[in-house]
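Chains as they are written, first to last, in my numbering: chain A, 24 to 307; chain B, 0 to 325.
Be aware that one or more of the hints could be misleading.
[Claimed, not checked] Ranges between beta-carbon positions, derived for each pair:
#: 1; chain 1: A; residue 1: Glu240; chain 2: B; residue 2: Val251; range: 39 to 45 angstroms
#: 2; chain 1: B; residue 1: Gly17; chain 2: A; residue 2: Ser181; range: 24 to 30 angstroms
#: 3; chain 1: A; residue 1: Thr38; chain 2: B; residue 2: Phe178; range: 54 to 60 angstroms
[Claimed, not checked] Calculated Cβ distances over 12 angstroms to all of chain A for the following chain B residues:
#: 4; residue: Ala65
#: 5; residue: Leu94
#: 6; residue: Met146
The hints are simulated quantities; they were obtained by calculation from the structure and are not laboratory data.
Cβ coordinates follow ideal geometry from the N, Cα and C atoms, glycine included.
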Amino acid sequence: MKRLLRNPSLLIGGTIVVIIVLLAIAAPWVTTYQLEDMDMRNRFSLPSAEHWLGTDNFGRDLWTRLLYGARISIGVAVVSVGLAAIIGTLVGLAAGYFGGLFDLIVMRIVDVFLGFPPLIMALTVVAALGPGVTNLMIALTAVFWTEYARVVRAITLSQREIDYVAAAQAVGASWARILVVHILPNCLGPITVLATLGIGTAIVAESGLSFLGIGVEPPTPTWGWTLSYGMRFLRADPWMSTIAGLCIMLTVLGFNLFGDGLRDLLDPRRITSGRRGRRGAIAE
Amino acid sequence: MIGYAARRLLLMIPMLFGIIVLVFLMLNVIGGDQALVLLGQEGTPEQLEALRRELLLDQPLTVQFAAYIGKLAQGDLGYSLFQSQSVLEAVSGRLGATLELAIVALLIAILIGVPLGILAAVRHGRASDIFAMLFAQLGISMPVFWMGILLMFLFAVTLDWLPAIGRGEPLLVAIVDLFRGNPAVLLDSLAHLALPAITLGVGAAAIISRLVRSAMLDTLSLDFVRTAYAKGLGPARVTLAHVLRNALLPVVSMIGLRFGALLGGAVLTEGIFGWPGLGQLSVAAINQRDIPLIQGVVLTFALMFALVNLIVDLAYAAIDPRIRYD
Chain A
24 MKRLLRNPSL LIGGTIVVII VLLAIAAPWV TTYQLEDMDM RNRFSLPSAE HWLGTDNFGR
84 DLWTRLLYGA RISIGVAVVS VGLAAIIGTL VGLAAGYFGG LFDLIVMRIV DVFLGFPPLI
144 MALTVVAALG PGVTNLMIAL TAVFWTEYAR VVRAITLSQR EIDYVAAAQA VGASWARILV
204 VHILPNCLGP ITVLATLGIG TAIVAESGLS FLGIGVEPPT PTWGWTLSYG MRFLRADPWM
264 STIAGLCIML TVLGFNLFGD GLRDLLDPRR ITSGRRGRRG AIAE
Chain B
0 MIGYAARRLL LMIPMLFGII VLVFLMLNVI GGDQALVLLG QEGTPEQLEA LRRELLLDQP
60 LTVQFAAYIG KLAQGDLGYS LFQSQSVLEA VSGRLGATLE LAIVALLIAI LIGVPLGILA
120 AVRHGRASDI FAMLFAQLGI SMPVFWMGIL LMFLFAVTLD WLPAIGRGEP LLVAIVDLFR
180 GNPAVLLDSL AHLALPAITL GVGAAAIISR LVRSAMLDTL SLDFVRTAYA KGLGPARVTL
240 AHVLRNALLP VVSMIGLRFG ALLGGAVLTE GIFGWPGLGQ LSVAAINQRD IPLIQGVVLT
300 FALMFALVNL IVDLAYAAID PRIRYD
């Protein structure tokens, strides 16, 4: 608990994340409006007792739309980061443990994926598959898996050389057992940190693609789409874009702070030295 | 050094080839039927068949790829399905605008990020450090398109100081005009460039400031710093001449990697400010399912990214001889 209090990033970030995720899950219970309920007398209204966050151009309640939007934005991010972490970890474990030609081929494939600027990779996948929630998740997974593969491979390479692995081999443990029981636990800390920070990035990427009109398609009320649609009324009513952007920023800020805090917590060197140390493989 | 440069250059070739293969597979195998995209629903089966033959779509994938690579080697990126120009013309017409935006944004990012990082490291734990890192955290969390909209609303819509969309004359042309005694062109170019470049630069500045701070803090605790103080050098000289020089090395290599994110951000920024660059072109191409054009734009982005990383690596090796012997 004391360690937690000395780590304000973790505390503040965690609180923001928990509140937003709970609100997204409880969406039907924390608003009395339906997604498509229109109130034409109250178009473009500012926050009021009736509409907590105001309304859009059709008089639809923005609090409701942003709550449901959170489900899509966070959902897409969590699923794609989760998939990327699983794929990347499996690939990294195998490449690091078996080495040789397999490792060489895998790492060259990773290099090719890293040769794309991230958003351009996502654009290419969406261009090939077409828009939609599932395709967007595939696109983001294609962007993110390489990070995990590289980090897990590096850890596996170093762990493989330590005596306990040789001991496990000597008592006849299978490679699968060694990877899952012995080496994987060493990777979980860095994977968790990467994934937490990755969710923030994925939310920005999802809303960016939806903003460009090539991500999740309307009428799904994603944050990026609400922001981009609100831009049409920027002169008359800047509120709609502002509040949607604020939602994205707050959520991303929450995940980033939480991830930074986790990193401090899981890397004791940095706690004892009391400063941010070398960022190593994780990092920006 | 020449050996290192040659090796580094050679390593680029398989990677670029891999990128070409991957893009080709993604867009031509899962990307759908170009003939159908081009003719729409009105095409008769005979017309479709003829067009497929013309585009080699009736041939096996290996033949299609060999034909594509053969043309690519001659600098032929194909013909856009909808722009009534070749992909090379379409891309080269837009490349300058994107490069100009990205480079100016990177300059802004370095000019803000490096001093901020130094300040935060030198005054570690104090108010200015906390303030700088708060700025960095906000800058990282703020989506570039939202930043763009806020800046546009403030400076273009409300205050009416700067134009909201479009581009003036290319910066290089404007600078030449300046020397011909016509400063108005340059002012107009800068006015158009200001909002997009700041939008794109601030996020990168936030990340650079964190990198500089963390590298400076690492370096500050090394022995040679104590030696420098023991020699009787003042804090300013130690910080700028000794610590910063060493701390900037990892930062330089990271800036190359960050350039990829900057290019992605440029796509979004171009969308907001109607900046006529590759980003806008790619979004239009995706919406029209113009496969040859998408392919060309994506390859151009990847090539730019690879070249920047090459330049950064070579610069890094030139500054730090240890790198060459790794």
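Evaluated hints:
1. Glu240(A) / Val251(B): 39 to 45 angstroms: 41 angstroms, holds
2. Gly17(B) / Ser181(A): 24 to 30 angstroms: 27 angstroms, holds
3. Thr38(A) / Phe178(B): 54 to 60 angstroms: With Cβ atoms ~57 angstroms apart, the hint holds.
4. Ala65: Label holds. Min Cβ-Cβ 20 angstroms, cutoff 12 angstroms.
5. Leu94: 14 angstroms, holds
6. Met146: Given a closest Cβ separation of 8 angstroms, the condition is violated.
When held up to the earlier numbered hints, the structure conflicts with hint 6 and nothing else.
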